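Engineer: As a plain string of letters, each chain reads:
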Amino acid sequence: MAKPKYLVGIDLGTTNTVVTYTPISSAAEGAHPEISLMPLVQELAKGAIEKLEVMPSFIFERLKEKPVLEWEDESKFIIGEYARERGAEVPDRLISSAKSWLCNTRIDRTQPLLPWNSPEENTRISPLTAMSMFLRHVRHAWNDEFGKDKLEDQKVVVTIPASFDAAARDLIVEASRMAELPSITLLEEPQAAFYSWISQSDKPWRQQVKRGDVVLVVDVGGGTTDFSLIEISEAEGDLALERVAVGNHILLGGDNMDLTLAYVARSKLEESKKKITQWQTVQLSHQCRKAKEALLNEGDKDSVPVVISGRGSSVIGGSMKTSIDRADIEKTLIDGFFPFCNMSDDPIEDTEGGVREISLMYAADAAITRHLAKFLRNQNSGDKHYGFPQAILFNGGVFRSDIFRNRLIEVINNWLSSAGKEPIKVLEGIELSQAVARGASYFGIAREGKGIRIRGGVSQAYYLGIESSLPAVPGFKPPLKALCVAKQGTEEGTVQDVPGRTFGLIIGKTAQFKFFKSNCRREDEFAQMIDELDETFEDTSSLAIELPAYEGMKPGDLVDVSLQVAITEIGTLEIYCLAKSGNHRWKLEFNVRDAIK
Amino acid sequence: MKKATAFITLILAIAAAAGVYLVYREDISPTLTEIEPAVSLFKGLIAEQWHTPIVASIAVFWLFTLLLSISVLFARKPLALVEQDKPVTAIDKPEKKDEILKEVGLLREKLFQAETAVTEARDKANQLLAQNENIKAQLEKFSASSAEKNESVELKTQLDRLQSELKARGEAAEKAESELKSLQNEQRKISEELAAARNKLEKTENDSKASKKEAEKTAGQLKSAQSELSSKTEEATSLRKQIEELTAELKAAQADARGGKNAVPPAAYQILYMFQKEGRLIDLLKEDVSGYDDETLGGAIRPIHEGCRKLLEDRLILEPVLNEEEGSEVTLEEIDPESIKLSGSVPASGPYTGELIHRGWRLKECNLPELVGGWKGNVIAPAEIEIS
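If you read the protein sequences in the order shown, they are chains A and B. So for the first sequence, the numbering used here puts the first residue at 12; every next one is plus one. So for the second sequence, the numbering used here puts the first residue at 91; every next one is plus one.
No lab work stands behind these hints, which were simulated from the structure alone. Computed from a predicted structure; not experimentally measured. Check the hints yourself; a few may be wrong.
[Unchecked claim] Calculated pairs, DSS-like style, for lysine-lysine (alpha carbon to alpha carbon, straight line, at most 27 Å):
#1 B:K400 - A:K301
#2 B:K192 - B:K331
#3 B:K331 - B:K246
#4 A:K332 - B:K400
[Claimed, not checked] Rough simulated footprint, nothing fancy, chain B against chain A, three-plus residues with beta-carbon under 8 Å:
#5 55 to 61
#6 317 to 324
#7 327 to 337
The C-beta atom is built at its ideal place from N, Cα and C for all residues, glycine as well.
Start from the sequences, fold in the hints, and give me the full structure.
Structural biologist: Following this line, the structure appears as structure tokens:
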């Protein structure tokens, strides 16, 4: 293996993939490293190719289009820009939001299921395969560009939503292995955005925050919304950073906004008895986005005309015209996605109108502010008051519009002032749509020991479900207890034995463990037994283990085992069973095949 | 050799006799007192009673050696006489052989020269082949983006240069070939001569088996030289063919580059395709707009204008030739007729002063996507069928 020359950051976004890199040699203490965007060569229509800074995370199954990229050979799939373009025209063959499918615990993520509900004769692939295809494309594009410095030899960081649970993290590692990138490191996206802020801000970051500050990172991407809290603490006389909380996975993003506006325009057109097709809705969506930007950025306009051309060659005769008004934006977007609410409010579970698909667990409530209220409220347990942050860092293309930023700041300040706190400070200076990828490269530098590193550790607490031993009573399920196997924030590289617990496992049989997570129970200690499972616990993929017979054991034997938990350096959680006698060790695997009922 | 050995043996025999005499003389002459210790050492080596037999045997051996040496020295003359009995005719044979060998040598040299010429021609052809590949690649690249005019001009000059070079190479190859032909003729002559020589040789063959063998050997050499020559000739012919093929290919490539009578540069398709795709421009220009009122027309043009404009912003980036305000007065010392058009009452020479009517446009940048396999077919907007 060649010596790595670059630190590479891959932002594997729900809708867009961005790759950055910086030479390892540029990693120097305190310096502003030169982080470059890696052009990703992609297929376009008519057998053309082009290097683009952004690769749309879309996969399209070819109809008659011939592969044009050297490495594609007989590949059945198009990846990137042309996939998105063709997918709008032939939706049955398009795979989109593969990343959201990867963390969907209600499906078997290794089974060929995508495109969801596509006709039988179409090829389907698993969310896992889809993710590996993006990574493979990135690897080929890189190797095409850099020649002998192959991507598989570089130090690669892949970003994931902070809300990804242990099983989804495992799947990303597996996907990169399938893409022949055997060693990658994982980084949470909000952390990446924070790193980007550290590396990019003109004013030294140490002057912008002080000890004891809690920074709220709000990342509203194309398809997902992610919250994280980072605490500024002190260690050895210098400021230190610690990620103290992450939010749940919320499938809600900027694309929802454009789509909502398109539906508004569409209903206006349909009111005037004009029929519009699915294809025209796509064009409408583009037009609406432009109208939105025009209305949001140029304060003097009250209405922007939206025209969609006729589909046939009669481009004038078939055209339809409507308009997007300032009121539409304010009503549907600002009040729809960032409504005023109290900190005590919960997201509305019951969906009323809006855009929602059954298969992907899109957020029922589009109000990002209500999701945020619930997240922050949950962080105020015990003596910690993380729920009242002192500073905010925005990330994601949505926040290019000041109107959304200002509204969110206004809402948060209302909460803070009613709790008697100071208004929130806004941390500026990051490039909103590339920050995650840039931050991933910077994290590579931090890992080299040449920059400050955010201490993160396990994003949430994890629990094994243990059935209580009670006399059997018909029709009554013994209550479940929870054994904490990973305390929130346990640092990478930690290996712990669970003391005082022995389990009997039968050789040759599959043992199942229920597995829970929680992102708001920060007081639970490692190996603590919690007797009652309340709503702060959340189901996650179960763990399964099938003990193979080792020497001197035969199927049916009962083996006493204890548990060992490891938080790996690359950011995954691994649980092992250790045999009480002998040196055998078995890994518990996440059961991503079994959908949670 | 024999005589020398006999002579040395004779000297040794005399010396041995002298030695023995010296050793076994009763008294030692005063002149030999210096070697007296060595003599007595010899005497002491062997017991007294063995002296007489040893001396006797040495004497016998000495006599024998003396006789043998003398006989060998005197046996020389009769041997020389036997050789002189050989027939005289054989004397001019080696001369003839030398002549043939010389001719063969000459022929070989010529062959070598021919071979070198052929190798050179082949090298040149290979070089040409590589150059042609290079040109083809460049041509493809050129076809992909013929908008890059500078490159095209450069390519064309390169093409011309290469073609003339090819011509020169072809001529060189022809020359090599004619040289080969003359060589062949020469060889034919030589082989005729050789045949005559062989006839002559045949006569003397009976006299000497050795000479026949030599002749056969010469003939074999000649044969192999001939076959070598013919294979070289073949090689030269095939090389010539190759060069011809290359020339044809080059010509075709050149025609493509110039854009033959019916050839459309791929970029033309690509630009039309993009204006239609991004802005529906072809549809607009092809549509009969006389029936629409101005408001409908104006509104419908908005997305078309936007799409086409985006293309000019992202891919075909234009900038004004002159940056002054239109309507303002401008003065130019010198003008380039390619970029400035003068009208009205134009003086014979600068400076030129007048009102800027149009700022002009120049193509600053052309960012068309790379067409991997060129443009296939002549469709710029496919027919669309929606299956529901």
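Engineer: Checking C-beta pairs, does the region 327 to 337 of chain A have three or more residues closer than 8 Å to chain B?
Structural biologist: holds (count 4)
Engineer: Is the coverage entry for the region 317 to 324 of chain A by chain B consistent with the three-residue Cβ rule at 8 Å?
Structural biologist: holds (count 5)
Engineer: Does the alpha-carbon distance linking A:K332 and B:K400 stay inside the 27 Å limit?
Structural biologist: Holds: A:K332 and B:K400 sit about 21 Å apart, inside 27 Å.
Engineer: Check the hint pairing B:K331 with B:K246 against an upper bound of 27 Å on the C-alpha distance.
Structural biologist: At roughly 25 Å apart (the allowed maximum being 27 Å), B:K246 and B:K331 satisfy the hint.
Engineer: Checking C-beta pairs, does the region 55 to 61 of chain A have three or more residues closer than 8 Å to chain B?
Structural biologist: holds (count 7)
Engineer: Need the status of pair B:K400, A:K301: alpha-carbon distance at most 27 Å?
Structural biologist: Given that 27 Å is the threshold and the Cα spacing comes to 13 Å, the pair holds.
Engineer: Given the hint that B:K192 pairs with B:K331, test it: the Cα-Cα distance must not exceed 27 Å.
Structural biologist: The hint is violated at about 35 Å.
Hint check: a violation occurs at hint 2 only; the rest are consistent with the structure.
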